[in-house]
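Residue numbers (the working numbering), protein chains in the order written: chain F, 934 to 1193; chain V, 8 to 101.
The set of hints was computed from the structure by calculation and includes no laboratory data. Since the model is a prediction, treat every value here as computed from it, not as a measurement. A few of these clues could be false.
[Unchecked claim] Output of the computed footprint for chain V on chain F, the stretches with three or more beta carbons under 8 Å from beta carbons of chain V:
#: 1; stretch: 967-976
#: 2; stretch: 1015-1026
[Said to hold, decoys possible] Counterexamples of contact, computed for chain V against chain F with all Cβ distances above 12 Å:
#: 3; residue: A41
#: 4; residue: V61
#: 5; residue: S63
#: 6; residue: I66
#: 7; residue: L77
#: 8; residue: S83
#: 9; residue: R87
#: 10; residue: H88
#: 11; residue: M94
#: 12; residue: A97
[Said to hold, decoys possible] Label pairs and their calculated CB-CB ranges:
#: 13; chain 1: V; residue 1: P80; chain 2: F; residue 2: V1149; range: 16 to 24 Å
#: 14; chain 1: V; residue 1: H27; chain 2: F; residue 2: T1151; range: 32 to 40 Å
#: 15; chain 1: V; residue 1: H100; chain 2: F; residue 2: T1075; range: 54 to 62 Å
#: 16; chain 1: V; residue 1: H88; chain 2: F; residue 2: A974; range: 41 to 49 Å
#: 17; chain 1: V; residue 1: A64; chain 2: F; residue 2: A1064; range: 47 to 55 Å
#: 18; chain 1: V; residue 1: H27; chain 2: F; residue 2: L1184; range: 41 to 49 Å
#: 19; chain 1: V; residue 1: H100; chain 2: F; residue 2: G1127; range: 53 to 61 Å
#: 20; chain 1: F; residue 1: R1079; chain 2: V; residue 2: P62; range: 21 to 29 Å
#: 21; chain 1: F; residue 1: T1151; chain 2: V; residue 2: N53; range: 35 to 43 Å
#: 22; chain 1: V; residue 1: V67; chain 2: F; residue 2: Q1094; range: 30 to 38 Å
The beta-carbon is built from N, C-alpha and C at its ideal position, and this holds for glycine as well.
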Amino acid sequence: MTAMAMKNTMQTPKFTYLTRLGDTALILSQRMSEWCGKGPALEEDMALANTALDLLGQSRLWLSYAGEIERAGRDEDALAYLRGDREFRNFLLVELPNGNYADTMTREFYFDAWHALALAALTRSTDPRIAEIAVKSQKEVTYHLRRSSDLVVRMGDGTEQSHDLIQAAVNALWPYTGELFQSDAVDADMVESGEGFDPALLKPEWQNYVAQVFSVATLAVPEAGAWMQKGGKQGIHSEHLGYLLAEMQVLQRANPGAKW
Amino acid sequence: MKTNLPLWEVFIRSQHGLAHKHVGSLHASDGEMAINNARDVYTRRNEGVSIWVVPSAAIVASSPVDKEPLFAPATSKIYRHPTFFPMPDAVKHI
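With the hints as constraints, model all of the structure from the sequences given.
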């Protein structure tokens, strides 16, 4: 976007808030899509594709609304395909590479557990559109969480190999979970207007749920006070996002305005 | 990738149906996983509201070789069909 165009947009806290939700769903959807055709079993392949499509649908709702709020003439497609990585506001957790199946499902589990709580909070938003999107998304995310929790238990309390792989994933991804509960000025703004929620308030319930599932899965919960990665919400991303966006956006950028 | 998980048969009852219909099969390690997989694979297009999964090994089927003795005798016994009563108009669709 040119400097002139930037000046005319209304990038309010609400716009940023909505792009955080939309971008997180979009990037995770893209990651899950990478498994299409490569899943460990046919049934898992379908399940992952279904999850990816659910998330994509949700991101369309969030980003469309964000585009309307911004009033700069950008629709969901423009926001998804024409922004650079510094403009994306997704959590770092969801842009991490898929790794093996244990890595993917651990990432999914950590996120779903947060997502279910976040959407529950958003159904009480004073903004009816946000509440509506949250209610619709909740139906899908309830199942996502059920699935990922089930798989974490199966892998954790499975064979020695599966246990080792998922414990390694649990430990490696732990530093990325802190960002889910960090509040900044944008969150504070949205809490004040009643349209958003304070992420820090979700933490105890999330930790409880994760501890419960890990206990059944015979997995060790990493240290609570560990150092946490951050920056995704503010547009500071890992090197992974650049490559992901290059792949996701190349078609639109090479053929601007392409339709079929 | 070869899977050695057991095979399950899937039956789905649609929203407007009365009986579960056989829709296909899948691999899963236990009943709960089979239900989740059936939900993911066989209910994507709103095909149903109820899922039954049965281990394929539990199904006993008639052998094609027995088709003659088992089913042929029923083909020409019209007296077994309830079609000889004249039905009054009022109860046509009973």
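Now the hints, each set against the structure:
For a cut-off of 8 Å, the count of residues in the stretch 967-976 of chain F with a CB near a CB of chain V stands at 4, and the three-residue condition holds. Residues of the stretch 1015-1026 of chain F with a Cβ under 8 Å from some Cβ of chain V number 0, which does not satisfy the need for three, so the listed coverage is violated. Distance check on A41(V): its Cβ comes as close as 9 Å (rounded) to a Cβ of chain F, failing to clear the 12 Å threshold; non-interface status is violated. Every C-beta of chain F lies more than 12 Å from that of V61(V), the closest at about 16 Å, which supports listing it as non-interface.
At roughly 15 Å from the closest C-beta of chain F, the C-beta of S63(V) stays outside 12 Å, upholding its exclusion from the interface. With a minimum CB-CB distance of about 19 Å to chain F, I66(V) clears the 12 Å threshold, and the non-interface call stands. Residue placement check: L77(V) keeps its beta carbon more than 12 Å from all beta carbons of chain F (closest about 35 Å). With a cut of 12 Å on Cβ distances, S83(V) stays outside the contact zone with chain F, its closest approach being about 45 Å.
The claim that R87(V) is not at the interface with chain F holds, since no C-beta of that chain comes within 12 Å of its own (minimum 43 Å). H88(V), annotated as away from the interface, keeps every beta carbon of chain F farther than 12 Å; the closest lies near 43 Å. Residue placement check: M94(V) keeps its beta carbon more than 12 Å from all beta carbons of chain F (closest about 46 Å). Listed as a non-interface residue, A97(V) keeps its Cβ farther than 12 Å from every Cβ of chain F; the least gap is roughly 45 Å.
Taking 16 to 24 Å as the suggested C-beta distance range, the pair P80(V) and V1149(F) does not conform, at roughly 56 Å. For H27(V) and T1151(F), the Cβ-Cβ distance of about 36 Å falls inside the hinted range of 32 to 40 Å, so the restraint holds. Hint check: H100(V) to T1075(F), Cβ distance near 41 Å, so the stated range 54 to 62 Å is violated. The beta-carbon spacing between H88(V) and A974(F), approximately 47 Å, falls within the hinted interval of 41 to 49 Å.
Checking the proposed 47 to 55 Å range against A64(V) and A1064(F) shows it holds: the Cβ atoms sit about 48 Å from each other. Range check, H27(V) to L1184(F): about 43 Å between beta-carbon atoms, so the 41 to 49 Å window is met. For the pair H100(V) and G1127(F), the supplied restraint of 53 to 61 Å holds, since their beta-carbon distance comes to about 56 Å. The given range of 21 to 29 Å is respected by R1079(F) and P62(V), whose C-beta atoms sit roughly 22 Å from each other.
Taking the beta carbon of each, T1151(F) and N53(V) are about 38 Å apart, inside 35 to 43 Å as hinted. Evaluation of the 30 to 38 Å hint for V67(V) and Q1094(F) yields a pass: the beta carbon distance comes to about 37 Å.
Hint compliance for this structure: hints 2, 3, 13, 15 are broken, all remaining hints hold.
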